[in-house]
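Keeping the supplied structure of chain A fixed, place chain B upon it in accordance with the hints.
From first to last, the protein sequence lines stand for chains A and B. So for the first sequence, the working numbering puts the first residue at 538; every next one is plus one. So for the second sequence, the working numbering puts the first residue at 665; every next one is plus one.
No lab work stands behind these hints: they were computed from the structure. Bear in mind the structure is a predicted one, so any value in this text is a computation, not a measurement. Be careful, since some hints might not be right.
Covered by chain A, per the in silico footprint, the following chain B stretches (three or more residues, Cβ under 8 Å) [unchecked claim]:
id: 1; stretch: 668 to 682
id: 2; stretch: 696 to 708
id: 3; stretch: 716 to 726
id: 4; stretch: 735 to 744
id: 5; stretch: 771 to 784
id: 6; stretch: 811 to 821
id: 7; stretch: 832 to 840
Using N, Cα and C, we set each Cβ at its ideal position, and we do this for glycine too.
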Amino acid sequence: MYDWLFSATWPPYVVGAGIGILAWMTFLLSDRPLGASTAYAKTAGMIEKAISRENVASMPYYRQVTPEPDWQWTIIIGVIAGGFIAAYTSGTFALSAVPPLFAAAFGADTFFRFAVALAGGITLGIGARWAGGCTTGHGISGTLQFSLASWVAALCFFAGGILAAGLLFGFWFL
Amino acid sequence: MPFDGIRQNRTLQVLLGLAFGIIFGFLLQKGGVTLYDVMVGQFLLTDFSVLKVMLSAILVGMAGIHAMNAAGLVRLHVRAGSIGSTVIGGLIYGAGFAVLGYCPATAAGASGSGALDAAVGMAGIVIGAGIFARLYPVLERSVLNRGKFPAETIPQLLGVSPVPVACAVAIMILIILALLATMGL
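One chain only, chain B, in its complex shape:
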């Protein structure tokens, strides 16, 4: 694949990770989504900034990624999920997110902008990840593989190419964004 020289250069990758992180944190901060009130406002359905940022990112991101994938420039990185892992973990995550008021990325961005409670939250996330690592062998045997999803991607599930899925997702995103704008949210 092209760019393999860059991709396999470990030192360069560590620096690239740092650079990508700086851009990401900068954007999150500019979008206002590093604010507790904005994040919790999303879950209270009073502030839709988080959803607007996410949907715009998906819209732009998917166009480039699938075009580059078709051109052989990038490969996809998807993993199969399961009810035991994705659904249960997702619900636990959402509850923790609403209590903390930041997600792993925005907690870091908020810490950088001076929110001390976000820094405490970051310490909590590390502790939580450490607890999960200790529980992992037990959970792996008992819960995580329950109810495996039948496919890795939505196109695989439907037996279609990514193009119609991209069109449907794009239309859905544009409708949601237009509705939010007309409703003044």
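For reference, chain A alone in the conformation it holds in the complex:
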């Protein structure tokens, strides 16, 4: 009866509908849209704060994004835990370093994949804060509210992603 709960994958429509209902709950119970990238800015702020408290107090950005472990921060800890629970209970949890698609195109060197992931992460982190949100905050929470900025952002995410992926892996449709 509970087999579906432990199956490795659910249809994307079911998962999407679930995220939609989750968005209702965050608005209703927390008066906030679902978002993910703010937690990373808060983490950066907490690290800065651990190094120099005065420095953080003088930085205007951390007056907007307060470096505290609040709702927006615990959500990302929850996502790590949720990913683990889903993978572990369906028997798909496995340590991995180089994804198959990356290995096929660029080789299975772990250090190289980590260097690329770090560079990509830094770029993404700058872009997410620059645009004021990520795939979750703009791409789902903002678009469903009909935010003009979020629809423009989502289109730019895809444009930038398609261009970069095509340059890395080649455009199959050309």
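Coordinates of chain B only, in the frame set by chain A:
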């Protein structure tokens, strides 16, 4: 507003954030969208799982949020964007996303399911956010406010209520999902 007692309880909110995060991570993992190959496959236009998840979430999410907003149960949280902020930042984000192969939420979900490269990516996102915070005063003066958008929401831009926009978005989403299904993507 109703639920203000819950919304203002800081300890409860921290726990709710954790609970919402667990559900979110669980769903992302079940949807397969925490996989690098699936995420990059979306940008290579060979795997449309990411788009299917996003469009289904928008379809279901918007119905509830706008109904609850009309009933006075929730308020919207939208911010105005600009070309300097939204477009430039969005393009940088998209490029970084394709190189990393995970977004901030799916990197966390993938880390939880054992993808070590996603954990390295998470460290990168923190560094990137930290770099942006340091550049923020300069960017705020020079780029971020360039070309401000004329409205916060699409209904405001068009001068209509959210209802016709919701109908149009719903039809658009259903057509895209039906097309993807018929094309076998």
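(request) Check each numbered hint from earlier against the structure, then list the numbers of those it violates in ascending order. (result) Of the numbered hints, just 7 does not hold.
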